[in-house]
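Undergrad: If you want the building blocks of each chain, they are given just below.
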Amino acid sequence: MTTPSIAKPSDKKAALLWSLSKGHRKLYLFSGLAMVAGSLLSYGQPLIVGAALDYALSAQILSEQTNTQKESRLSLLVVNLMGGPDFVRSNLYLAALAALGITVVSGVLIYLKSKYAAIASEGIAKDLRDKLFDHLQHLPCAYHDKAQTGDLVQRATSDVDTVRLFYSDQIVEVARAITLLLAAIPVLIYLDPILAMVAVSVLPLIVLFALIFFWKVQGAFKKLDEAEGQMTATLQENLTGVRVVRAFARQAFEEERFARANTLHRTLNWKLFKIMAVYWSVSDLLCFLQMALVLIVGAVRVESGAISVGTMVSCLFAAGLYIWPVRQMGRILTELGKAMVAAGRINEVFEQPRETTAAMDLPALQTGRLTFQNVSIRRGETDVLSDVSFELLPGKTVALLGPSGSGKSTVVQILLRLLDPDSGRVLLGETDIQTVSRKSVRANVAAVLQEPFLFSKTVNQNIKLGRHSATDQEAIEVAQAAVVHDSIVRFDKQYETMVGERGVTLSGGQRQRLAIARALLREAPILVLDDALSAVDTHTEASIIEALRSRRDHNDGAQSTLLIAHRLSTLRHADEILVFDHGRIVQRGTHESLLAEPGMYKKLWSIQSELEEDLERETEHAGVSSAAELAVLP
Amino acid sequence: MSSELDEDQKTGRFDRALWLKIFRFILPYKRSAIGLCITAAVVVGCDVAIPLFTGMIVDAVTTPNPDGKALVLWPYLLGYVGTFVVLCVCIWSFIMLAGVINSHVSADIRTAAFSKLQKLQLAYYDRRAVGWLMARLTSDCNTLSRVLAWGTLDIVWGTMVIIGVSISMFILDWRLALLVLTIVPLLVLLARSFQLKLLISSRQMKKTNSLITASFNEGISGVRTTKTMVREGQNLAEFQELTGRMFGSSVRNQMLHAIFIPAVTSVCAIGVALALWRGGVLVLAGEVSLGKLVTFLQYAGFLAGPAQELANTLTMIQNAQASAERVQGLLDEPVTIQDDESVLEPAQAKIDTIEFKDVEFEYLPGQIVLHTFNLTVKSGQTIALVGATGGGKSTIVSLASRFYQPTRGQVLVNGIDYTSLPLLWLQQRMGIVLQQPHLFSGTIRENIRYGKLDATDQQIEAAARLTNATTFIDTLVGKFDAKVGEGGNQLSTGQKQLIALARAVVADPQVFIMDEATSSVDTQAERDIQIAVDRVLKGRISFVIAHRLSTIRGADVILVIDQGKVVERGNHHDLINRRGRYFELYTNQFTQEREEVLMHSS
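Protein sequence lines correspond, in order, to chains X and D. Under our numbering, residue 634 is the last one in the first sequence; the count climbs by one each step, no gaps. Under our numbering, residue 602 is the last one in the second sequence; the count climbs by one each step, no gaps.
Just so you know, the hints here were simulated from the structure itself, not pulled from any lab data. Glycine included, each C-beta is placed from N, C-alpha and C at the ideal position. It is possible that some hints are incorrect.
[Stated by the list, open to error] The calculated lysine-lysine pairs, modelled on DSSO-like cross-linking and capped at a C-alpha distance of 30 Å, are:
1. X:Lys131 to D:Lys116
2. D:Lys116 to X:Lys223
3. X:Lys26 to D:Lys116
4. D:Lys483 to X:Lys457
5. D:Lys206 to X:Lys338
6. D:Lys378 to X:Lys223
[Said to hold, decoys possible] Simulated DEER-style distance windows between Cβ atoms:
7. D:Ile34 to X:Thr149: 31 to 37 Å
8. D:Asn209 to X:Phe87: 36 to 42 Å
9. D:Leu476 to X:Val489: 25 to 31 Å
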């Protein structure tokens, strides 16, 4: 994972976050505009109410005093806009309606802000998920072999969600706090410059406190996460090992073990609550302090006659609007750090190079002709394959035999371009498969791999993965050829039965046979069976092999087969048998020719005679079976 | 997973009986809960007092001063500051008290669920995935404790604020109060209608989200199949349909929130407008002081907070109802295998015979997996069970170890029906080694000691030597103190099987059960183990499920099981000569084992 290119990680993460917003920036702009307008208007209600209080209601009492104050020009302006103090006084409902109207309009704007932000952020999340999914599909198998599924899934789900929150909440909240602040400051300065200064004096302290605090408590959060992990691990071990627990009657021991993890988690959890209690109360205290300062200084200035009560109330209200969003900034900035980490983890996946691809496609082949020419591949110090050459002709079968790890599956992987050889050529028809796109090569090969994967879909859909356009009748035909039709019709919903996590659990043999059916539906010129019959019993295996042969003869004999198996009964009818050992072909020939020479093939064949000898011995001793052993029979 | 989704389907009404049951978990923390209520009351007091102070200040300022004395604002200011300080203290105590409840209740629910899980019969586990059970003790527990601590708090606070503000308004001026409070029914109506919509949309989101996670999982695990089938495009299209659905429901959910909040504010603005209009008239008429009007205006605006909070909390509680149902379902699950009052500790310490008498077993009613089964085993005998997977072999050993109990018939231990013997007495005398050799994270030594908690190091090492595990243990860094990793993933399956065997050996059980216990050990090593196992099994009753010939051949009785029935019974000689099912199994296995040896020796 640690590539040298991540020298300046934060830049890359920020770049990713920025590039993700592409195509959604206009919506954010709208959202921002709606927010600015909405926030400005949200000052409207207090302004109208304040003006009404100052001029229309208290004017009769304090008219002398207030009218002389220049600071109240804004209120005066508002009142004059509504038709002057006297008009407002006699038509108070108009002021009330104006206050209501302005709130509703600002509410609509705030709604628009949230709507655009939601569409933008969810759009970004959707794009990110789609991009990740497609990227993961196109990463080479070598990468997937090393990576852990759980880790990748976590990056694709919870990390994506963290990034989504960054776009949907954090950016918006930060922008809101800044807008509210920027909108309030001119208003405050206009109302009373001195009070304005007081009204923002504690703010830096509030933000700083939050930043330092969350930076400090990260350790406590991490510890809690670890304790939670520990507890979950204990739980999981207990549940997966429930039979072992019961087998040794260790329930009490387990309860004690779990109680330890549980208690530790509880203690740390409680500790964190204690810390958070301090944070929230102190930061609230700071906010209240800010309000109190405005109030006290305001009161002093009202007393000295510098400002009106209405001005003071407006200032208080304005401060109340921005102070809480600003307080959240500290927390949000910390969470921004989490979004950065998540973006970094996602970026690591994106930085993995995809499988290379060629511009040219291999045209669909009519007949299955495959040639391996001096193919070699090394991994570290060991030769996985060295100098492997063979030819598979249309309509023929080549079988590979050998111990596990001798290179048989590597041949298949190279053929499917899941792996590229270091030297040598592989030809499909007349074309070197290295010179054409991987997908076009794979499209010409129908492969059944060692451990076939079935998707959580119905049986029918799983078979049709082979060819989307196939009819139900064709799906049934291939299922019959793979001797799995009879098992399928015994399911409650037959071909509509769900398989996988949310459906029936299939046996290994059923899975393999379903995968064979799926591959047969491909109707590709080359069929590959990589140990695809290992979980199928001998009898069924024979019927499948027979069905494959008759299908091939039926289809003009153009399809060729590459067969990997470990049962001699499966291999013996192949046109050529290649015996692999340590990445080399050590023997090659037909069943008859291989039997005629010394080697592994001959040894394998001789097991049959050993068995006969063994059985012979048992039969000789048959008379001596002891009466004591039979006594347990009913 | 399907069952989980089904349970989410219940849009259901608020289930009071269920919540009462869940609520019991708070009872041990009664004091904290009461403290929380008191704190909430104090906060509400402050919330109600602040607008009053503001009103008083306004009155003090606007009342003409007959004596010409300077305005005395300080008492009011002190009141404010005092209230602020009280509020901060309350916030502190809120979090402390709710924190106590939150952290302790979640731990308590977990403990209760965990100890229930230890008692539940294995049949319960057969029907549920480990991940599903885990979620009950992790996310569900967290959700419930959060709701119990903070949800309760929000409801108490929200209701009290509305009541407090109303009372205060009535005391100040009942006419204005009636006017302003007309918005309360509107708020309630608004909150209720949104709350239901929010509930439905958040459930939809959750469901789609879990489908997306499943798709990622499948896309990654099935990547080879995808590549070889050239399915990338089709997969992406299907995935995009899901993310498209997610986009739709998330935007809908956020828009609901986006409408809800301004809607509540607007309704409150109606209150403000009404107060300003009628209140202004009253002020002008000299019937109400300006200060009182200011107080009313603040109260009207203030109602938005509790209204939003209540709606959100109710949504949260209803969302949590599914969690409550699942957790309570687990706690209420009946334990079918446990000691009843009639059990008697037997005088005899040793198990001499085990007898199956007309035993039948069905997993689900009507699905018989074992038909009328009879067998008597005496001390020193080894019973081998062979046959196809799913035939019923594991059922027989599970019945012997009382993981399951017969649906019909009896299992007699020393002639006594084992349901009248203590469960612990029986299971302490059994040693069971399973095909999936589950190890616990920790060292090899700790894992072997699991069989006998007070085993000495010598006993542990002797057991490991006996089962040939020392051959690989000696090559590890740290030897017996080497960590085995989570689930033993640092070791191969064969190595894990050897440790599991040693773990059973150290327990020195009277009845030994091996269920494919050495299937992943390679053939050569298995022969060595066989010698050890023969030694271990001497003088005990043993049941062996195996496909390796070396294990089966020496058994006293071989039972060939197929589709829940014993199809052949006898020793190796007899069964070979019968040329039936056993003969077929034997010849196949013979070829396979020899081939395996050849392939590996090359």
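Undergrad: It remains to establish, for every hint, whether it holds in the given structure.
TA: Tested hints:
Between the alpha carbons of Lys131 of chain X and Lys116 of chain D the distance comes to roughly 44 Å, so the proposed pair goes past 30 Å and is violated. This hinted pair checks out: Lys116 of chain D and Lys223 of chain X have alpha carbons roughly 28 Å apart, not beyond 30 Å. For the proposed pair Lys26 of chain X and Lys116 of chain D, the alpha carbon gap of about 55 Å is over 30 Å, so the pair is violated. Distance check on the hinted pair: Lys483 of chain D and Lys457 of chain X sit about 40 Å apart at the alpha-carbon level, beyond 30 Å; violated.
Proposed proximity of Lys206 of chain D and Lys338 of chain X is supported: the alpha carbons are some 22 Å apart, at most 30 Å. Only pairs whose Cα atoms come within 30 Å are accepted, and Lys378 of chain D paired with Lys223 of chain X is rejected, the gap being roughly 55 Å. Remark: the range hint 31 to 37 Å for Ile34 of chain D to Thr149 of chain X is contradicted by a beta-carbon distance near 49 Å. A beta carbon spacing of about 57 Å between Asn209 of chain D and Phe87 of chain X contradicts the range 36 to 42 Å that was offered as a hint.
Between Leu476 of chain D and Val489 of chain X, the C-beta spacing of about 51 Å breaks the proposed range 25 to 31 Å.
The structure shown violates the earlier hints numbered 1, 3, 4, 6, 7, 8 and 9.
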